[in-house]
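2 protein chains.
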Amino acid sequence: MNSKPSPQPTALVLLTEQEKKEFLPPDLESRLRELFPDLIWIEAPVQEDEWHRVLREQKPEIVLCAWETPTLPIEATEHLKYVCFLCGSIRKLVPRELIERGLSVTNWGSSISNTVAECSLLLILAALRRVGNWSVAMRTKGEWKTSRHPDTLSLFGRRVGLHGLGAISCELVKLLEPFRVQISAFSPSVPDQIYNDLNIRRCETLEDLFATSDVLVELAPGKPDNYHIVGDDLLKLLPEQAVFVNLGRGMVVDEDALVRASRERGLHIALDVYETEPLPVDSPLRSLDNITLLPHLGGPTPDRRRDCGELALQNLENYLNDKPLINLIDLNTYDRAT
Amino acid sequence: MNSKPSPQPTALVLLTEQEKKEFLPPDLESRLRELFPDLIWIEAPVQEDEWHRVLREQKPEIVLCAWETPTLPIEATEHLKYVCFLCGSIRKLVPRELIERGLSVTNWGSSISNTVAECSLLLILAALRRVGNWSVAMRTKGEWKTSRHPDTLSLFGRRVGLHGLGAISCELVKLLEPFRVQISAFSPSVPDQIYNDLNIRRCETLEDLFATSDVLVELAPGKPDNYHIVGDDLLKLLPEQAVFVNLGRGMVVDEDALVRASRERGLHIALDVYETEPLPVDSPLRSLDNITLLPHLGGPTPDRRRDCGELALQNLENYLNDKPLINLIDLNTYDRAT
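Those protein sequences? They're chains A and B, same order as listed.
Residue numbers for the first sequence, in my numbering: 1 to 338.
Residue numbers for the second sequence, in my numbering: 1 to 338.
Treat each hint with caution, since some may be false.
Pairs count within a copy or across copies, as identical chains cannot be separated in the list.
Distance condition first, Cα-Cα at most 25 Å in a straight line; then the derived SDA-like pairs of lysine to any residue [to be verified]:
| no. | residue 1 | residue 2 |
| --- | --- | --- |
| 1 | K141 | E48 |
| 2 | K174 | E68 |
| 3 | K236 | E204 |
| 4 | K223 | Y195 |
| 5 | K92 | R249 |
| 6 | K141 | R263 |
Worth flagging that the hints you see were computed from the coordinates, not collected in a lab.
Computed from a predicted model, the values in this text were never measured in an experiment.
Start from the sequences, fold in the hints, and give me the full structure.
This is the structure in structure tokens:
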């Protein structure tokens with residue numbers, strides 16, 4: 001099966017104890033060591049100069065690593081052909097020049113989409129049932145409901161609008177299926193076939209999407225074109241009793257407009273991402289009434305990070321067998337990454 | 001189709017403006033008025049003596065009503081044959097003697113199960129992602145996560161245990177389907193066929209259920225046998241990192257034991273129901289770290305109460321056509337009701 005000529009490429013792992021535990025639990029570590037009997041394993045964190053020295057001395061062809069890895073230097077990486085990154089954002093780790101030079105880089109890609117979709121469903125349900133309000137009111141104010149007619153809503157039968165139709169949205173559609181919702185999406189670059197396969201209505205404009213969505217889920221990519229694309233004008237189009245959820249990128253939404261929509265029109269909001277992270281202590285979002293806030297936890301929960309490890313193992317096998325790599329980062333993807 | 005002899009039975013509606021808006025929105029009200037052209041409609045609330053006078057004077061055969069209805073008197077209800085109650089708990093409204101005497105009573109039965117199941121899924125996801133903690137921490141303490149390795153869990157692939165396998169649990173199973181969970185249940189009276197149809201493992205003991213559930217969902221009925229059946233012994237059997245959710249009846253769970261499980265073993269908890277409701281201001285549950293609390297909102301959200309109205313209309317049609325009533329309350333059900 002292995003069409004790669006001997007000797008086997010040198011592979012180097014750099015992970016903290018915690019990263020190893022989450023991304024490569026024992027069964028996956030065993031499979032990795034079977035693939036690479038001469039694996040070099042270094043425990044992170046390492047200082048930058050130590051990292052450079054290791055790369056110079058070991059001359060790895062493959063590096064497998066996660067968050068706690070210093071930037072790859074331009075020098076001392078001449079032998080490096082493939083960086084298998086277990087996480088998402090690769091711009092801090094890999095200078096563009098290395099990709100220009102032909103370095104292959106992969107990341108967790110869509111292996112995490114189902115967990116982000118799960119958090120999206122959680123925030124949708126939380127916004128509809130006012131979980132943020134009640135959590136605070138019950139735990140810090142000794143409150144109880146005052147009426148048999150609470151201001152709560154069900155997801156069943158509502159109109160859900162997806163701003164963005166990438167891998168996370170596609171996974172979210174599966175989770176929404178039992179709720180018999182009507183789904184619309186705005187994502188101009190996605191072909192009709194995808195909309196048809198998912199039974200989603202295509203919106204030609206963001207205005208149409210916002211005006212027809214009881215539940216607006218913000219999952220648009222954080223590219224410059226999308227900066228503050230969601231502002232007063234769009235938010236004002238949301239139907240009465242609509243809820244707004246952002247699991248995508250904070251920069252897409254004008255937070256001042258969001259605060260106005262909450263204060264002036266009672267919009268219920270649930271957020272996992274923010275323009276500035278960590279969210280500033282004095283952010284007005286923290287003092288809104290109708291809001292559920294999470295500190296950017298939408299990504300893979302530690303118990304599902306092994307899925308990223310599984311994907312990495314698949315890619316390492318593909319590399320050894322000269323098969324195409326999954327989630328290969330080309331210059332285009334690199335430039336669009338956040 | 002109408003096999004009932006003329007003249008049409010006298011039907012009386014007693015609802016508040018709000019109840020009418022929620023349970024019988026205009027389209028349903030129209031259908032009701034088509035069924036009963038001579039419908040008597042009284043706006044609640046009414047005083048008890050006024051209520052008795054109306055019943056004596058109008059002699060309705062059918063009463064359609066909701067929460068804001070005074071108890072039906074033993075006297076002045078000789079003509080009454082059917083009480084179509086739009087809500088759940090009928091013991092405050094209907095004295096047992098009237099059912100003994102042959103009065104037919106129906107309630108919302110399982111028409112609300114999907115909304116309670118929805119709230120169950122919400123509390124499961126909230127407990128796994130620590131929404132209660134973060135809502136309070138982000139909104140009242142200016143906090144942010146301190147690590148890339150938060151103490152959060154995904155529902156994907158976990159073992160879910162259902163204590164109770166009634167209509168709500170069956171609806172919940174549908175919502176859990178996309179999460180590829182393994183479901184077990186403890187409900188001795190439910191026949192094997194139901195377990196098999198739902199692809200649920202039958203637990204012969206509660207001990208087995210608790211010891212094998214990463215997510216324990218409490219949905220057992222509030223009958224006297226179940227009083228405090230969930231205490232220290234069972235809670236200690238839960239696996240490490242388990243979460244505990246109660247959407248059923250507060251009396252089933254020993255809250256002191258729950259507090260101990262949280263404080264001493266870090267159990268994450270999400271609750272919608274309590275032993276005493278409203279939950280006392282000084283309840284220790286309110287000051288736990290790892291908890292999400294709702295004030296008994298699991299029932300049908302106001303926007304889905306029209307489903308109860310639809311069911312009531314179906315029952316009124318059935319009554320007129322001498323067909324069996326759905327969710328008819330017999331003495332056995334009456335005595336078990338909470």
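Up to 25 Å CA-CA - E68 versus K174, copy category:
For K174 and E68, neither the intra-copy (33 Å) nor the inter-copy (40 Å) Cα distance is at most 25 Å.
How would you label the pair K141, E48 (within, between, both, or neither) given a Cα cut-off of 25 Å?
neither (49 Å within a copy, 35 Å between copies)
Quick one: K223 to Y195, C-alpha cut-off 25 Å, is that within a copy, between copies, both, or neither?
within (22 Å within a copy, 49 Å between copies)
Homo-oligomer pair classification [R263, K141; C-alpha up to 25 Å]
both (21 Å within a copy, 21 Å between copies)
Have a look at K92 and R249 and pick one of within, between, both or neither, based on CA distance no larger than 25 Å.
within (18 Å within a copy, 51 Å between copies)
Given identical chains, is K236 near E204, meaning Cα to Cα at most 25 Å, within a copy, between copies, both, or neither?
within (18 Å within a copy, 55 Å between copies)
Figure legend: structure checked against the earlier numbered hints; hints not met, in rising order: 1 and 2.
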